[in-house]
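Student: Sequence:
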Amino acid sequence: ALGGRLEWRRASLLALSVLLLELPLAVGGRIAFDSFPQYLPALAMLPLFLQGPATWFRHMTLFGVSRASHRASILPTLVQPVAATAGVLAVYGASVSLGLAAAVFILLGFLCAALLLRAADRPLRREFRTSGVALIRPMLDHVNGRDPAATRELEEFFSRFSIPANLRVRLLTFPGPDRVRASIALPTVHPGPFASLGASDLPRKVAERLGSGGGTVFVPHTPCDHDLDLPSRAEMDRVSQACRDLLDRLGPSGEVAPVRASPLVTPREGSLARAQVLGDTALVVVTQAPGPTDDIAFSVADRAVREAEARSGLAVALVDAHNSYIKDLGDISYGTPVAERLIRDVQAAVGAAQAAATVGPLEIGTAARTHYRIGTDGIGPLGIRVLVTRAAGSTSAYVLIDGNNLLVGMRDPMVRSLETLVDRAEVLTTDNHVVHEVDGGINPVGERASLERLTEESTELAAGGESGNLDTRGGA
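So that you can map any letter, position 357 of the sequence shown is 337 in this note's numbering, and since no number is skipped, the others follow by simple counting.
These are calculated hints, taken from the structure and not from any lab test.
Yeah, the Cβ is synthetic: ideal placement off N, Cα and C, and Gly gets one too.
Honestly, I wouldn't trust all of these hints.
[Said to hold, decoys possible] Computed spacing ranges between beta-carbons, pair by pair:
{"#": "1", "residue 1": "Trp(-12)", "residue 2": "Ser142", "range": "45 to 51 Å"}
{"#": "2", "residue 1": "Val62", "residue 2": "Ser142", "range": "40 to 46 Å"}
{"#": "3", "residue 1": "Ala129", "residue 2": "Gly67", "range": "34 to 40 Å"}
{"#": "4", "residue 1": "Asp308", "residue 2": "Ala22", "range": "52 to 58 Å"}
{"#": "5", "residue 1": "Leu95", "residue 2": "Ala63", "range": "24 to 30 Å"}
{"#": "6", "residue 1": "Leu(-1)", "residue 2": "Val318", "range": "49 to 55 Å"}
{"#": "7", "residue 1": "Val62", "residue 2": "Arg218", "range": "49 to 55 Å"}
{"#": "8", "residue 1": "Phe16", "residue 2": "Ala83", "range": "21 to 27 Å"}
{"#": "9", "residue 1": "Gln221", "residue 2": "Arg(-10)", "range": "37 to 43 Å"}
Construct all of the structure, not just a fragment, from the sequences and the given hints.
Tutor: Below, the structure written as structure tokens:
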């Protein structure tokens, strides 16, 4: 009726939280009264005083989760404090002094809440001309129920400070005579900001748009950061459609022909890059593991790709493995020593893969498992997917986990287990920010699912991937 939203579950939790807030204050007040009765007012004042903090807490909460309006929130704010005050007056006897005291305490609680909300809102209002507290409700409604109205409100907020950008989309396909067996989609988009907003849950959105025509779809993380988040589903749909348009152009070839291909090659010990030539494309995977690894600035990746393509004559598809997480470590910024090293290593990896490439059949196998849950496994809707290639007499495997990074120290034992089945292997994550919507924030892979389980299931999938002679074509 007042334009807010307060479900029974939230209302009950709020009432319980107020009681838990009042409990230690009541205990402390009673101890003080028993210790210094001559300095304190009547005991009846204590429960009335507690309605001040209760009013403060309820109004702060309702302003954010129900409706960001003092006028609309004041009535539901007062329900519990007024009911408690009536109970106190019924027990101790109504009097003018007790009634005035209750009114003063409740008024002070409301004023403190209003002043704190105003102070908390000032930075965001100054920069973006909107209430940050008012975004709490749509954020909760989007995360908990994917409410369309809440999603639109958040998209409108992010769109206010978004800027146009030209984005690169690459698609590497593995077509057979009559259908595409697998595809690797590489839009230069960061899969955030959170939940399913904008480009978050990008792997699922792209895979759904490609549909069965894309075979087993892999959407690894391209090197970029939150600067390339998308503000809305409409912008995400444009990217997904660009991937679909590429797939339509790169459909089944109608024949299987030998291609020039290599194994997954590491140019030297400690290199940040590994590469595999697949036809006219070099697929390059970069990681700082076993050290921490996180987002790579797009400017670094763009320069690395341009220089490697100019030197090799191949199309370079660059992938950030995103597979060794330590909080606040591992980002690569332009102009840093590690950025220069990565650019050199990408060129070296592409050159080494070119040298190892031979003309012959390219066989691939894929497998996927999608029964995982974000809350219990920390893995998104695309689950774990495995691509196995056999070229130039060597077998390579890529394990792609739909999650945001992998706990440090887990990648190497997983790779060692995979390399009991194949010659070379790499473990990657999609950096999907949909996993942020549960307790734990970042929620990296390995925080909820054990290393033993991840290793076992990845190895089983690699072993179970079906194989067949296929042509490969890439597009950008």
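Student: Take the C-beta atom of Val62 and the C-beta atom of Arg218, compute their distance, and say whether it sits inside 49 to 55 Å.
Tutor: holds, 52 Å
Student: Okay, Trp(-12) versus Ser142 on CB: inside 45 to 51 Å?
Tutor: This hint is violated: roughly 37 Å between Cβ atoms.
Student: Indicate whether the distance between the beta carbons of Leu(-1) and Val318 respects the range 49 to 55 Å.
Tutor: Distance hint for Leu(-1), Val318 holds at roughly 53 Å.
Student: Check the following: the C-beta atoms of Leu95 and Ala63 are separated by a distance inside 24 to 30 Å.
Tutor: holds, 25 Å
Student: Honestly, do Asp308 and Ala22 meet the 52 to 58 Å range at C-beta?
Tutor: holds, 53 Å
Student: Should the hint that Phe16 and Ala83 are 21 to 27 Å apart at their CB atoms be regarded as holding?
Tutor: This hint holds: roughly 26 Å between Cβ atoms.
Student: State, for the Cβ atoms of Val62 and Ser142, whether the hinted interval 40 to 46 Å holds or is violated.
Tutor: holds, 45 Å
Student: Indicate whether the distance between the beta carbons of Ala129 and Gly67 respects the range 34 to 40 Å.
Tutor: Distance hint for Ala129, Gly67 holds at roughly 38 Å.
Student: Given a hint of 37 to 43 Å, does the C-beta separation of Gln221 and Arg(-10) actually sit inside it?
Tutor: holds, 38 Å
Violated hint for the displayed structure: number 1, the only one.
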